Every structure is written in C-alpha cells, then in structure tokens.
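Number of protein chains: 2
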Amino acid sequence: MNAKLYLLPNLLDPSSPKEMHFPSYLEQIIGGLDGLIAESPKSAYAYLKLFTFPPGKSFRDLPLWILNEHTTDKEIREFGEKELIKGIWGLISDAGLPCLADPGAKMVRVAKEKEVEVKAISGPSSIILSLMLSGLPSQKFSFHGYLEKEASLLKKQIHTLELAALKEKITQIFIETPYRNQKLFEMLLNTLSEKTFLCVAWDLTAQTEEVRTLRISEWKKTPLPSLDKKPAVFLFAT
Amino acid sequence: MNAKLYLLPNLLDPSSPKEMHFPSYLEQIIGGLDGLIAESPKSAYAYLKLFTFPPGKSFRDLPLWILNEHTTDKEIREFGEKELIKGIWGLISDAGLPCLADPGAKMVRVAKEKEVEVKAISGPSSIILSLMLSGLPSQKFSFHGYLEKEASLLKKQIHTLELAALKEKITQIFIETPYRNQKLFEMLLNTLSEKTFLCVAWDLTAQTEEVRTLRISEWKKTPLPSLDKKPAVFLFAT
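Protein chains in written order, with the working numbering: chain A, 973 to 1210; chain B, 973 to 1210.
Hints were generated in silico from the structure; no laboratory data involved.
Don't take each hint at face value.
A pair counts as met if it fits within one copy or between any two copies, since identical chains are not told apart.
List time: in silico DSBU-like cross-link candidates among lysine-lysine, alpha-carbon distance up to 30 Å [unchecked claim]:
| no. | residue 1 | residue 2 |
| --- | --- | --- |
| 1 | Lys1021 | Lys1202 |
| 2 | Lys1029 | Lys1127 |
| 3 | Lys1058 | Lys1127 |
| 4 | Lys1141 | Lys1202 |
| 5 | Lys976 | Lys1192 |
| 6 | Lys1091 | Lys1155 |
| 7 | Lys1121 | Lys1139 |
| 8 | Lys1046 | Lys1192 |
| 9 | Lys1167 | Lys1112 |
| 10 | Lys1112 | Lys976 |
| 11 | Lys1021 | Lys1167 |
| 12 | Lys1141 | Lys1091 |
| 13 | Lys1112 | Lys1202 |
| 14 | Lys1091 | Lys1201 |
| 15 | Lys1091 | Lys1021 |
Small disclaimer: the values here were computed from a predicted structure and weren't measured.
The task is simple: from the sequences and hints, build the whole structure.
Right, here's the structure in full:
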C-alpha cells in the first residue's frame, strides 16, 4: 500500500454546513483514512463527526496523533518514520486550512523526505476569503501572522508595513488573538495615514460575517464595530 | 430582491472532476444566478457547462459580462451602477479563485460602494495549494505576482527577496507565464544561495501534479524537470 498524507480543510465557523465549504469528495477521503493528525482530540472528534463513515467503521476507531505548538521536531520526525509511512493519514488544523501559520508544514517536510505522497484538498482560508472580499488590490499581498505585542514596537511595525504597502503596492494582511482585536484595531486607526484603506473581516463564513473596507478618515467618522472575541483578519493597502 | 455578487471558484485543471475541488452547494448558487462575470465568453461557457441547471433553464440563457485586463474602470463602474445592483451575479476567473491577481477586486469595490452583498465560495488557489504542499514555513508569506522581466532587474529582485526571506522569515511566492518558466527557473538556480530552499509546484490538481522542494545545492545535482508551458508556482525560503 502506498502511504499518503492528505492536507484536509476544516470549517472556519463550526455551525456552518460543510456542503457550503468542502468538496463532496472529502467524505470519501475521510472514510478511507487510517488515522488523523489534529491539534487536539477534541477538535479531531468534532471534525470527524461532520462525516458519515462507511458501514462497520466509526470515527472512534480512527487513530489520532496530536500535532500542535508543543510537539517537538524530534517527535514529528519519529512519527513520520514509524507511522506516516505505513498508511493514509489526514492532517487538519483547528480552523480553515492546515499548513498555513500552523506546525503542519513540518509534517509535510518529513512526508516529502520519506517519499510519502502529499495531497491537499481545497477549502476555506480566512486569509484568502478576507482578501477576496476586501476589494483591496491583490496583485501582491503579504501575510504577516501576528504583529508585535508591545505598543511602541507595534506602532513602528505598522509604519514599516504602511511604507512597504505604499512603495510596492502590497496589500498587508495580519491576524490577532480575538481578545486583543479591539486594541489592535484602535492602534491601526491611530497610526495609519488618513488615506490608507483598512479592511476588517470578522466571523468569516458565519451568519454574522462582515467585511468592511474604509479609508482611515472614514473609519474615524463611523461608529466602530465591536471585534471583541470575534475571529478577525485585518488588511490594509494605500 | 436583494442584489448579490458571488465570488466563485474555477478549476485549476479543466479535466479534474469538480467534486474534488468545489463545495457541492456551488451547483445551487449557479442555478440561481442572473448573470456571470468572466474573463471571456469561452471560459464562461466552459465553466457553466460543468453544472446541471434547473429544468427549463440553460447555461445559454445566462447574461455574460466580460471583465478582463482591457476593461476600463469607467466600464466597471457603469456596469456596477446599472446591472450589478439589479440581481444575483457570479464572478469567476479563468482558473482558481477570482480577485487574486486579477481585475475582480475592482468589481468587489464597486459592489461594496453600492451596498451589494458580496459572498465568496472557497475553492482551489494555486498560491495556497503550492504553499501547503511545499512544506516551507508559512507563518509569514508574500505573493509577488510576476517578477521583473529584464534579466538584470530580475537578478536584483531575486537578491532583494532572498534577503527579506532571510531577515524576516518570509516564504516568497511568485508566478511566471508558462512559456517563460524554464528561464525563470534557471535564473533562480543561478542567483539564490546554495542553502536556500526552492520549491516548484506545477500542474496543481492535475494527474501530473508535482511539488518539489530542494535546496539550491540539491537542485543543481539532480536532472531538472521541464516546466515548459506548464502552469507553475515558485516559492523559496531560507
């Protein structure tokens, strides 16, 4: 049997129907897996319960392997050498696509070294959905993950990113942990130039999804939305 | 009736079954469209033929509007003011997701100004698939579209991008028109440092899909694949 590693999409909003976001073929892939790599058992089971298993097979039978920020490179390598080469594994992230700003890329590296075939299945990515829905230029874009935490460093970084956006016509994209969103939002409004377009996209794919793009001068004239505890993506362009 | 603009995914490889790449819900959206915005009538019809229409409705009945690099901002604005506000429109690109490195973003801007609801449906993106499959770090990444054409400018740009990749731990992503792939590939091999990881991803989602990641020193020791006329994405990281 040929070993395979499938990079599988997860939902962004757990209450959203999977038919709106996943290719129907995914059901077949899940039914044929020998194991699932996930960030936690809880998220693995929540994911597997989305699918119907072939008769005689249950999501409880599927071996799990946990890969998150606490997993060491040595553990990933050992798993790759002992388990990954022996069957068909799926890899998911807690939300959206794996191997984007999560430790999945290391597993892909080991799979490629061990000549395990790697396949990716398309699905929702908050980075890409927010960029598409923002209306901002997309000939060039940069994803920065999380920005600096400390206020003076953050201010400096926003200035640097704005200068690059202006000079190279790049749309800058970044995220923040939900409980710090409001703080970052205010810092952006106080730091960026009046003419810069700032887009905030929150609750993507949920019923409450919103994507607002305004110049800083316009944001300052409108009541600000509350982003507290909402998953959000920030984007700006000049 | 509420006007709507759907940003719809297209296939990367036209011979690949849509069940592997599109959410099944897409069929329903297509059946409810009042019109389709596409880069050419040919690509619009090829796309619509992928779907089954409700009884009494045919893909031939659907009004088309052509949006490509020749469309002026004035034409987009007029279409937005006269047609977009009156119904449910879909927008596609010739391949993959719209509004990524194509003129679709301008239509989204007009839709947002006119308070037309904009929704994006997930699907295959060669940028994101190549990044996931590359095994390269993805905490930070930059998409640059096409690089410089002229050799000396290109060389300089590759150096600049490599320096940024090293300094800021960014994975750099870019594309080339298929008939120039081989030239860019050779320039990358001759310009990047021996230790830099270069990934080339071609024919994504096709039977012939390949994604190879090697250090420059390793690429130089192996027979190079022919990328001529194949759609390819290039990525590097240090």
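Consistency of the hints with the structure:
1. In the homo-oligomer, the alpha carbons of lysine 1021 and lysine 1202 lie at most 30 Å apart inside one protomer (24 Å), although the nearest pairing across protomers, at 39 Å, exceeds that limit.
2. Taking the shortest Cα distances, lysine 1029 and lysine 1127 never come within 30 Å of each other, neither inside one copy (54 Å) nor across copies (55 Å).
3. Taking identical chains as interchangeable, the C-alpha atoms of lysine 1058 and lysine 1127 are never at most 30 Å apart, the minima being 49 Å within one chain and 43 Å between chains.
4. For the homomeric pair lysine 1141 and lysine 1202, the shortest alpha-carbon distances inside one copy (29 Å) and between copies (28 Å) are both at most 30 Å.
5. Taking the closest pair of Cα atoms, lysine 976 and lysine 1192 come within 30 Å of each other only across two copies (28 Å); inside a single copy the shortest separation is 51 Å, beyond that limit.
6. Within a single copy, lysine 1091 and lysine 1155 get their C-alpha atoms only as close as 39 Å, which misses the 30 Å cut-off; across copies the closest is 28 Å, which meets it.
7. Taking the shortest alpha-carbon separations for lysine 1121 and lysine 1139, both the intra-copy value of 25 Å and the inter-copy value of 19 Å come in at or below 30 Å.
8. Taking CA atoms no more than 30 Å apart as the test, lysine 1046 paired with lysine 1192 passes between copies only; the shortest distance there is 29 Å, against 50 Å inside one copy.
9. Taking CA atoms no more than 30 Å apart as the test, lysine 1167 paired with lysine 1112 passes in both settings, with 19 Å inside one copy and 26 Å between copies.
10. In this assembly of identical chains, lysine 1112 and lysine 976 lie within 30 Å of each other by CA distance solely across copies; the values are 26 Å between and 33 Å within a copy.
11. Taking identical chains as interchangeable, the C-alpha atoms of lysine 1021 and lysine 1167 are never at most 30 Å apart, the minima being 47 Å within one chain and 44 Å between chains.
12. Taking the shortest Cα distances, lysine 1141 and lysine 1091 sit within 30 Å of each other only across copies (25 Å), while inside one copy they are farther apart (33 Å).
13. With identical chains, the CA atoms of lysine 1112 and lysine 1202 are at most 30 Å apart both within one copy (27 Å) and between copies (22 Å).
14. In this assembly of identical chains, the alpha carbons of lysine 1091 and lysine 1201 lie at most 30 Å apart only when taken from different copies (23 Å versus 33 Å within one copy).
15. Proximity of lysine 1091 to lysine 1021 under the C-alpha cut-off of 30 Å is found in both arrangements, the shortest distances being 22 Å within a copy and 27 Å between copies.
In summary, the structure is inconsistent with hints 2, 3 and 11 from the numbered list given earlier, while agreeing with the others.
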